[in-house]
Amino acid sequence: MSETPAAAPRSRRWMLYAPLGLAAAGGAGFWAMLRGLQTGEYDPRGVPSALLGRAAPDFDLPELEGAGLPALSAADLRGPLPAPVLVNFWASWCVPCIVEHPQLMRLAREGVRILGINYKDRAADGAAFLQRHGNPFAKLGRDEPGRVAIDWGLYGVPETYLIDRQGLIRWRYAGPITPDTLDRDLRPLLRRYA
Amino acid sequence: MPSLSLQPPRCRFPKALRPLAGGVPGRAGPSPLHRAAIILAFLLVAAPALAAVGRPEDRLRDPALESRAQEIGRELRCMVCQNQSIEDSDADLARDLRRIVRERVAAGDDNAAVMRFIHDRYGDFVLLRPPFTPVTALLWAMPLIALGGGLAAILLRRRRPGASGIEPAPLTEAERRRLAELERGNGA
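Protein sequence lines, in the order shown, are assigned to chains Z and C.
Following full-length UniProt numbering, the numbering of the first sequence begins with 1 at its first residue and continues without gaps.
Following full-length UniProt numbering, the numbering of the second sequence begins with 1 at its first residue and continues without gaps.
Calculated directly from the structure, the hints in this document are not laboratory data.
These figures come from a predicted structure and were not determined experimentally.
Treat the hints with care, as some may be off.
Chain Z side only, calculated, beta carbon under 10 Å to chain C, not exhaustive [unchecked claim]: (1) Trp31; (2) Ser49; (3) Gly146; (4) Asp151.
Label-pair distances were calculated between CB atoms; the ranges are [to be verified]: (5) Pro130(C) with Gly29(Z): 50 to 60 Å; (6) Leu16(Z) with Ile145(C): 41 to 51 Å; (7) Arg35(C) with Gly26(Z): 24 to 34 Å; (8) Gly26(Z) with Pro170(C): 40 to 50 Å.
For glycine and all other residues, C-beta sits at the position ideal for the given N, C-alpha and C.
When you get a sec, could you build the whole thing from the sequences and use the hints?
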């Protein structure tokens, strides 16, 4: 009986702390997740676009009657382009689109070319929306059936795509572009692909 | 931030469960009647899942083609109601996708071609059964990893005798004498 009773448990004392360590690590991970949710960096429902690195799908949309803007087709997104452009899907019935609109207006004033696609909307409502909140779009197509949107892999409005000068899709953002998103994500991207 | 819209997503949600799941205030647990109600609610909620959601006029007239379309639709995730297939979801987008699936099936595409059409646009996430790729390898291997980890833990414990870590204390002189007495059979 050389081994004292207390010796064995001491050698395995780490097992006592292992659950504590695991809980601490889990807690830290959870905290980081919640913080990401708060700042908008982490979106558990967010899905990467299947179109990244590809050219925009082919489409030819009619104009939105009453908006007084030229219609939009895929030809407007084919490279080479003088600068990156944004494609924004929106609708007058979409509340987050109202939240996002001032940011689009700001970008348009700064000279960023924004091409709009009005999604599943009544023409009169869409035109009235632009009248009321201002028009940031250089061109505007109307996708009333929502079929072009599906070719883009759209799953809600608003959604915004960045097309680089070669005409390739580089970024997709599902949800309203907030001032934070604008400064944190979009502006650096616009600079990178300028 | 998730994509929100005023247009209701119309995800199928077991609304009937909500008042029941909360329990009755001031009571410790669900009463038998309450419990029966919950089970009934589950059954009622499950029932419509057996029927296709789509409007009758959207369905294909050829039952063979329609059943193929449903088979494909059940493999595709509704991107709005993310835990439902497009066959089960009432979301607008799911309805559009159901229509597209039926159009492609009616046009003579085989199942793989229709799936590819949707996969091209929405990526891996739209497939309810994700493909095996380097990115999803960990996902698919997880059951094996968990099983292997469990087995390893069991084997490690087996190999060490006295795994509880506590050796019984040696007998004292008095105990040893008492034991010897008992063994001789004149205890008590």
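Quick rundown of the hints versus the structure:
no.	hint	in the structure
1	Trp31	violated, 19 Å
2	Ser49	holds, 7 Å
3	Gly146	holds, 6 Å
4	Asp151	holds, 6 Å
5	Pro130(C) with Gly29(Z): 50 to 60 Å	violated, 23 Å
6	Leu16(Z) with Ile145(C): 41 to 51 Å	violated, 25 Å
7	Arg35(C) with Gly26(Z): 24 to 34 Å	holds, 33 Å
8	Gly26(Z) with Pro170(C): 40 to 50 Å	holds, 42 Å
Hint check: violations occur at hints 1, 5, 6; the rest are consistent with the structure.
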